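Let the sequences and hints guide you as you build the complete structure.
Each step along the sequence shown adds one to the number in full-length UniProt numbering, with nothing skipped, and position 151 is 151.
These are computed hints drawn from the structure, not numbers from a lab.
Just so you know, these numbers come straight off a predicted model, no measurement behind them.
Some hints could be false.
[To be verified] Pairs of lysine-lysine residues, derived as DSS-like cross-links and limited to a Cα-Cα distance of at most 27 Å, are as follows:
| hint | residue 1 | residue 2 |
| --- | --- | --- |
| 1 | Lys-154 | Lys-282 |
| 2 | Lys-45 | Lys-127 |
| 3 | Lys-127 | Lys-154 |
| 4 | Lys-274 | Lys-251 |
| 5 | Lys-282 | Lys-191 |
| 6 | Lys-239 | Lys-49 |
| 7 | Lys-127 | Lys-147 |
| 8 | Lys-49 | Lys-191 |
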Amino acid sequence: MASPENALMHEASQMKDHTLSPTIEPSQPFSKDLNLGMFEVNQFKTLAKGKFSRIYLATDRETGLKYALKTMRKTDLILGRVEEQARGSFKIQSEMDHPNVLRVFGQFEAEYEHESYIYILMELSKKGSLYDLMKQNIGLPEPQAAKLVAQLAKALKYMHGKNILHRDINPENILIGSDGEVKVSGFIWSKPMVDGRCSGLCGLLDYLAPEMLHGAENYDTMVDVWCLGVLTFELLAGKAPFEDDMMMTQKRIKNLDMEVPSSVSAEATDLIHKILVLDPRKRLSLEEIQQHPWILMHN
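Here it is, written out as structure tokens:
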């Protein structure tokens with residue numbers, strides 16, 4: 001299985017958003033400005049953490065509703081040169097309204113112990129992350145995997161329709177809701193497209209599209225499709241298709257050096273081979289993935 005240590009770029013991509021289950025689920029955005037005094041924050045229970053963030057359970061003092069509260073010290077963001085990136089990821093995610101995208105409810109700043117912090121109030125996931133689920137099960141049942149892939153294809157299609165590339169789809173950034181549905185999070189590397197294109201190298205090495213590794217100055221939505229193909233493989237095989245040391249992983253991606261295990265069905269294998277294609281122009285589109293026989297068979 002791909003590990004968080006196998007990141008090619010900045011460790012900021014590992015800002016994990018998976019959290020504990022709430023007893024009540026909020027459904028409406030706040031009608032007033034947020035401030036830290038509105039919430040009881042359990043600082044002794046860290047739900048998740050990354051290089052620049054900590055996530056705590058926060059309870060609305062007035063309603064009793066429970067949220068995930070991401071805290072980021074501004075000094076750390078400035079020193080890490082990611083403040084603008086962190087704010088941009090919040091803006092992108094706050095504009096998302098899809099059942100398979102983790103909701104954010106607001107952002108505010110406050111002083112705490114003479115330090116300035118940025119706080120982001122988020123939806124709580126019910127069942128942790130896909131990474132957690134995959135650690136418990138080496139290879140998911142195909143019906144379950146197909147449902148997850150179908151939901152992710154819908155979420156990515158929605159994002160692309162809003163002119164956004166995610167660029168960091170991997171098990172760490174996919175949360176599981178109360179009904180087993182996926183919730184895409186981890187928007188730290190997400191970026192608006194310009195004329196349908198983006199540039200920049202980012203994300204987990206195991207999930208990088210070959211056009212990124214070949215130094216393409218710009219690429220399109222097919223980098224997210226590639227990530228979905230890698231994830232499909234990992235869901236079924238229990239490990240990423242090109243997993244190796246850093247140099248070998250890059251070489252294997254560029255040469256499409258992978259072998260689908262014989263335990264994977266012919267239909268699923270066909271889908272993987274039609275997504276993980278070196279030429280992005282020849283990969284299946286998200287619409288075609290949703291209509292693939294393996295997806296339709298289990299949805």
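Structure-based check of each hint:
Distance restraint check for Lys-154 and Lys-282: the Cα-Cα separation of roughly 20 Å lies within the 27 Å cut-off, and the hinted pair is therefore satisfied. In summary, the hint linking Lys-45 to Lys-127 is supported, as the alpha carbons are separated by about 17 Å, within the 27 Å threshold. Between Lys-127 and Lys-154 the CA atoms are separated by roughly 20 Å; this keeps the pair inside 27 Å, and the hint holds. Note on Lys-274 and Lys-251: the hinted pairing holds, with a Cα-Cα distance of about 20 Å set against a maximum of 27 Å.
Distance check on the hinted pair: Lys-282 and Lys-191 sit about 23 Å apart at the alpha-carbon level, within 27 Å; holds. Pair hint Lys-239 plus Lys-49 holds up; C-alpha atoms about 24 Å apart against a cutoff of 27 Å. Only pairs whose Cα atoms come within 27 Å are accepted, and Lys-127 paired with Lys-147 is accepted, the gap being roughly 16 Å. Distance check on the hinted pair: Lys-49 and Lys-191 sit about 23 Å apart at the alpha-carbon level, within 27 Å; holds.
Violated hints: none; the structure is consistent with every hint.
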